Amino acid sequence: MKATLIKAMVILTLVLAASTAVALTVGSQKIDFGTLWSDPFSRTLFFRLRLPRVLMGLTIGASLAVTGAALQALFRNPLADPYTLGISGGGALGASLAIALGWGARVAGVPLVFLASFAGAIVAATLVRAIARTGAVVLPGALLLSGVVVNLVSLAAVMTIEYVAAPNSSLEILRWIAGSLDVIGIAPVGYMLILLVPSWLVLLAFSRQLNLLAIDEDTATTLGVNVHRTETVVHTICSLIVGVTVAMGGTIGFVGLIVPHAVRLMFGEDLRVVLPGSLLLGAAFLVLADALGRSVMPSGELPVGAITGLLGGPAFLWLLRRRRQYAAM
Amino acid sequence: MSAAAGPLMETRHLAYAYPGGANAIHDVSLAIGAASLTALIGSNGSGKSTLIRLMAGLLRPTSGDIMLEGKPLQAWQPRLRAREIAYMPQSTMTVFPFRAIDVVLSGRTPHAPQFGFESGRDRVIALEALQAAGAAHLAERSVTALSGGEKQMVILARALAQEPRVLLLDEPAAALDLKHRAEMMRTLARLRDTRGLSVVMITHDLQLTACIFDRIVALRCGEVTAQGHPEEILQSALLAELYDDPKVRTARIGDQTMVWVDK
Chain A
0 MKATLIKAMV
10 ILTLVLAAST
20 AVALTVGSQK
30 IDFGTLWSDP
40 FSRTLFFRLR
50 LPRVLMGLTI
60 GASLAVTGAA
70 LQALFRNPLA
80 DPYTLGISGG
90 GALGASLAIA
100 LGWGARVAGV
110 PLVFLASFAG
120 AIVAATLVRA
130 IARTGAVVLP
140 GALLLSGVVV
150 NLVSLAAVMT
160 IEYVAAPNSS
170 LEILRWIAGS
180 LDVIGIAPVG
190 YMLILLVPSW
200 LVLLAFSRQL
210 NLLAIDEDTA
220 TTLGVNVHRT
230 ETVVHTICSL
240 IVGVTVAMGG
250 TIGFVGLIVP
260 HAVRLMFGED
270 LRVVLPGSLL
280 LGAAFLVLAD
290 ALGRSVMPSG
300 ELPVGAITGL
310 LGGPAFLWLL
320 RRRRQYAAM
Chain B
0 MSAAAGPLME
10 TRHLAYAYPG
20 GANAIHDVSL
30 AIGAASLTAL
40 IGSNGSGKST
50 LIRLMAGLLR
60 PTSGDIMLEG
70 KPLQAWQPRL
80 RAREIAYMPQ
90 STMTVFPFRA
100 IDVVLSGRTP
110 HAPQFGFESG
120 RDRVIALEAL
130 QAAGAAHLAE
140 RSVTALSGGE
150 KQMVILARAL
160 AQEPRVLLLD
170 EPAAALDLKH
180 RAEMMRTLAR
190 LRDTRGLSVV
200 MITHDLQLTA
210 CIFDRIVALR
220 CGEVTAQGHP
230 EEILQSALLA
240 ELYDDPKVRT
250 ARIGDQTMVW
260 VDK
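As given, the protein sequences belong to chains A and B, one line each in that order. Note that numbering that gives the first Met the number 0 numbers the first sequence so that position 305 is 304, with each residue one more than the last. Note that numbering that gives the first Met the number 0 numbers the second sequence so that position 227 is 226, with each residue one more than the last.
Okay, chain A solo, but in the shape it has when bound (with noise of 0.2 Å):
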């Protein structure tokens, strides 16, 4: 298993590099990298605004893939991720209430509008899994029948404070619903990886116990796993990174849905493996997705929210059809 972790390391890292190079080098705007220090249009250019939004997308794609990945193992679905357990939904009313009543201040440090969303995040994800849970069981078609729900009332929610908010306000939430990663300068990419990378830690810290829940939640115990502690650590941990990356990005879909998958068919079910490759295939994934989305059309940009929603929902329904093969017990 050692081996297929730096088996898995090596190969996704080189995609991962691959992934950046494109994405750095495909824009609207074409970069000369042979002039990049001489030329300050295109310096401006390439570290104000191509870069950030580069980080900002191996940021936001990497958070969601290992989010998606510890949600699937904690509630053994393997439809499971933030968007189908209402927690982006959550966020992004929580970052879009704290934008609409104007909100830019900051507590010790961080942006309201990340605590905002991280509170959005929890109390969504707190209330589907209440609601999903009969006695000590999460009912699995209850779960993302809640999520789903939950998350259509968030963003209904969401569409009404746009509705009455002030227009720039509207704007602004507009802009979450849709997914972006649009960011100028290179200091919000630092906020959120401060509060990210403990994040990601922790949950590899975890890949063990999420691993023995993945199998069976009564055999992890009995292993020695404590379950109500690692459910509420990853469980906190995960509505953070989703807050964060909402109120960063928006609203992206699919990612932390697919992005595992993809790491399980290629190196298999271990936890231990699925957790650190989501990570770092999350990264590729969402900064290809942008990339595309800057450069199918001739001007303009699609938002990458579109994109990742048009290639994870047909994905979403395939992993939904093999999942009566494999669930059928």
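Possibly wrong hints are sitting among the right ones.
Unchecked claim - Examples of chain A residues toward chain B, derived with CB under 8 Å:
| no. | residue |
| --- | --- |
| 1 | Met0 |
| 2 | Gly223 |
| 3 | Asn225 |
| 4 | Asp269 |
To be verified - Here are a few chain B residues that sit away from chain A, every Cβ distance over 12 Å (derived from the structure):
| no. | residue |
| --- | --- |
| 5 | Pro6 |
| 6 | Met66 |
| 7 | Ala181 |
| 8 | Arg189 |
| 9 | Gly195 |
| 10 | Arg248 |
| 11 | Gln255 |
It should be emphasised that the hints constitute simulated quantities derived from the structure, not laboratory data. Note that the structure is a prediction, hence the values are computed from the model and not measured. The beta-carbon is built from N, C-alpha and C at its ideal position, and this holds for glycine as well.
Assemble chain B onto chain A, guided by the hints.
Just chain B now, kept in the frame of chain A:
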């Protein structure tokens, strides 16, 4: 071992009620000795699975104590407890296509380093466990593609790979054919004799309990109604009362006990 004089595992006046329900288990006191095979019998809903889950630490007793090597079960560090007790559920419900060998390897968790991977030795033990469970040929198959019986063999192998002293089995043979059922019992008896393994197993196969178990514990409505050697328990009158059916019959033929239900 300081507690060597006492039983390996013990329940004292154990009671458990599901939230908002009546007592599922009431005043159950049992002693499980080292190197023993104990069968738990009783009709559906008599509290057998609840008792096994309590002993596995999956449920917390409402009152009473469970002792492992003289120390309360709750006082054991989970990882150390996992080296002593293994639990095998009726089936595994995973929806992810894990390979059988990986499922069995996960049984090595309590013995492996906290943040590492299983060692080569763990792999050898896992393969031996698959062999012992009669499932060596399934190693590379994905568990979601296995039949009910094959799945039971794989999760039995996983529990064996854990190398516990106490093995708690919830109807492990329910989906096994006659050959594999007999093989499983021979394996458990061999581990009892060679490694001192203690097995507590829920079963509805009374025929099986007659020939191979050391002890039978009969549960009715959450209480122990009888316990003892199979010959003492497998009596027509006792079983008729246990299963609430006056037509249950038993008879000794040579050193075997036959159990059947009259027309």
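Hints, one by one, checked against the model:
| no. | hint | in the structure |
| --- | --- | --- |
| 1 | Met0 | 5 Å, holds |
| 2 | Gly223 | 4 Å, holds |
| 3 | Asn225 | 6 Å, holds |
| 4 | Asp269 | 6 Å, holds |
| 5 | Pro6 | 20 Å, holds |
| 6 | Met66 | 17 Å, holds |
| 7 | Ala181 | 25 Å, holds |
| 8 | Arg189 | 23 Å, holds |
| 9 | Gly195 | 20 Å, holds |
| 10 | Arg248 | 36 Å, holds |
| 11 | Gln255 | 34 Å, holds |
Every hint from the earlier list agrees with this structure, and none is contradicted.
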